[in-house]
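Asker: Quick mapping for you: the protein sequence lines, in order, are chains H and Z.
So that you can map any letter, position 103 of the first sequence is 103 in the numbering used here, and since no number is skipped, the others follow by simple counting.
Adding 1000 to a residue's 1-based position in the second sequence gives its number in the numbering used here.
Hints were generated in silico from the structure; no laboratory data involved.
Small disclaimer: the values here were computed from a predicted structure and weren't measured.
Heads up, simulated EDC-like pairs for lysine to aspartate or glutamate below, C-alpha to C-alpha not over 16 Å straight-line:
hint	chain 1	residue 1	chain 2	residue 2
1	Z	Lys1278	H	Glu255
2	Z	Lys1278	H	Asp320
3	Z	Lys1278	H	Asp260
4	Z	Lys1091	H	Asp108
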Amino acid sequence: MGIPDSGDSMEPADFLPRHRLQSLLDHLLQQGFEILAPQLRDGAILFRPTQHVDQLPRGVTQQQAPGHYRLQQGDSPRCFSWANGPQAIKPLTFTPQETLWRSELQADGSLRFHEAPVVTRATAVIGVRGCDLAALALQDRHFLERIEDPLYRQRRDSLLLIAVDCSHPADTCFCASTGDGPEAQTGFDLALTELAEGYRVRAGSVRGEGIMRALPLVASDAALRQEAIEQARRARQQQRALPDFDPAALIQQGEHPAWDKVADACLSCGNCTSVCPSCFCHSEAEAPTLDGQQSEHQRQWDSCFSEGHSYIHGLHVRPDTRSRYKQWLTHKFGSWVEQYGRSGCTGCGRCISWCPVGIDPLQVLRELGEEVK
Amino acid sequence: MRHQQLPASAEVVRRVQETADIFTLQLRLDDPSDPSLLTIQPGQFNMLGVFGVGEVPISFKALTNDHDGTPLLEHTIRAVGRVTRALSALKPGDRIGVRGPFGHGWPLAEAQAKDVCVITGGLGCAPAVSVVEHLFVNRSAFGRIHIIQGVRHSDDLIWRTQYEAWARKPDTEVQLAADSAAPDWPWFSGRVTELIKRLSLQPERTRVYCCGPEPMMRASAEQLITQGVNEDAIWLSLERNMQCATGHCGHCQFGADFICRDGPVFNYPHIRDRLGLKGV
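Based on the sequences and whatever the hints tell you, model everything.
Answerer: Here you go:
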């Protein structure tokens, strides 16, 4: 058995036996956090308000393939034996729809503008994956550097992030090749490694260290450490990997026949962008009240696949699916590197699983790398 | 200080119909004590918002003064979409929301003591008027001024008297071109690039500011380079769909740049390899 006695070892106490996992949730609730944790909902893993470990997706495993996402119920006591659901934490910081400001028509005809207050409460998210932490770091750079988005800032500051190392990557995953997983690497307050008998715990911040001190941890022994090493090694054996390509050259490859082939298949539905944890495009629109006295200036997620995305005074810069797919791929894998020093893809594979026709951008990248005969 | 993204209320004090679909709005801020909107520089833009309808990015044309000295912002707009048509329907006394200024303007400090060549096409002349006015207000700081404007049809030319007035100023060359022209068109018929060939430039001391359709700007830049103008001396103003104006919404992405935040004015070598790529 891997569970050691506590107190006898010189090793640091870092292991939470499975039957003590509730102590983590209890501590967070006592500290006033709302807890969001993975739950099984409508055949998918979604983050939902959680108070008890019984609400976690115990024994749930998954199958993902191009255009395919299915969950199975097994007997395992493990709660995190899946790679990712359709959404992770992006909606918590960059919300699908929100009001940026309100305008109010005054009696004298002038306009008064009001900020839209954000109501946040301290929220602990349990079960965040390495790929999604990496994507959050990208979103932080986009929304907080140079010109800070105040609404994103408030939502971001309300989060406490508890990662769980990914032990069961899907066949669509390739985070090992992007360098973002399967283990959680940075950006978490606390990270858990789920093993057969419980959780190895490590802190990534001062707040995380405080939580660790409050938990009934015991020291892990050599067998537990070895189990964790073996599990991480297996998780890194992924079906897919990012091919070699030159990011700077992508945008120049406008005439390659690979674009025609993918444009024939692509429905321009935008699913890939809405499940992508790093996509940030949004549109802005007015929502006036029926009495015409007030109006809300709102933003909502948009996609570079939508018809209006590139519209400008009477024409569309990207009028067809071919140019829109090209924009998405060349930005995500190409110009993103110039913008943020790394690719916009963190290997979560969602765009492959949630594409209704199963387009695999890694395949498109491979084809673009092939010589045109 | 106003919230960075919150608009300010401004009153339309004058509306000038320039052509069938181009008009100019003169705007007076309800609260002129907030100076941030009045720091706008040639080449920058504001977001103009119609209550209950939406916002559009419009380049800055001029900062003038009312008879009592109150500063007025001028923007010239083509009524072509949902919001610009709503802007077109505004009357004096109506209020709009103004958010800005946004983006980087023309690098005027860098052009000190140099000749400046302003090349524009179509409504690209609006953001160029602000820079030409700046050149004349600070006339001694600059050398020779060349002003080139191309239009598709001679009837599209706006501010004809303005161009004529500039042409009468010393050390100033004004050349106008129309792709197709009415019989009474006294200027050049043909492409702007043909006009550039006729310019008496001193290429090594010339700075070029260009705004207009991308194919026209690209062709102009290439023509200027063959005439000896350094690539680094050429600046282009680009436009795309802009909704947030802060580089967040993604609509104005142009390769690795957000035009609202990193532009709209770019140094030619920075964007040369992307100009003319379809769909970028």
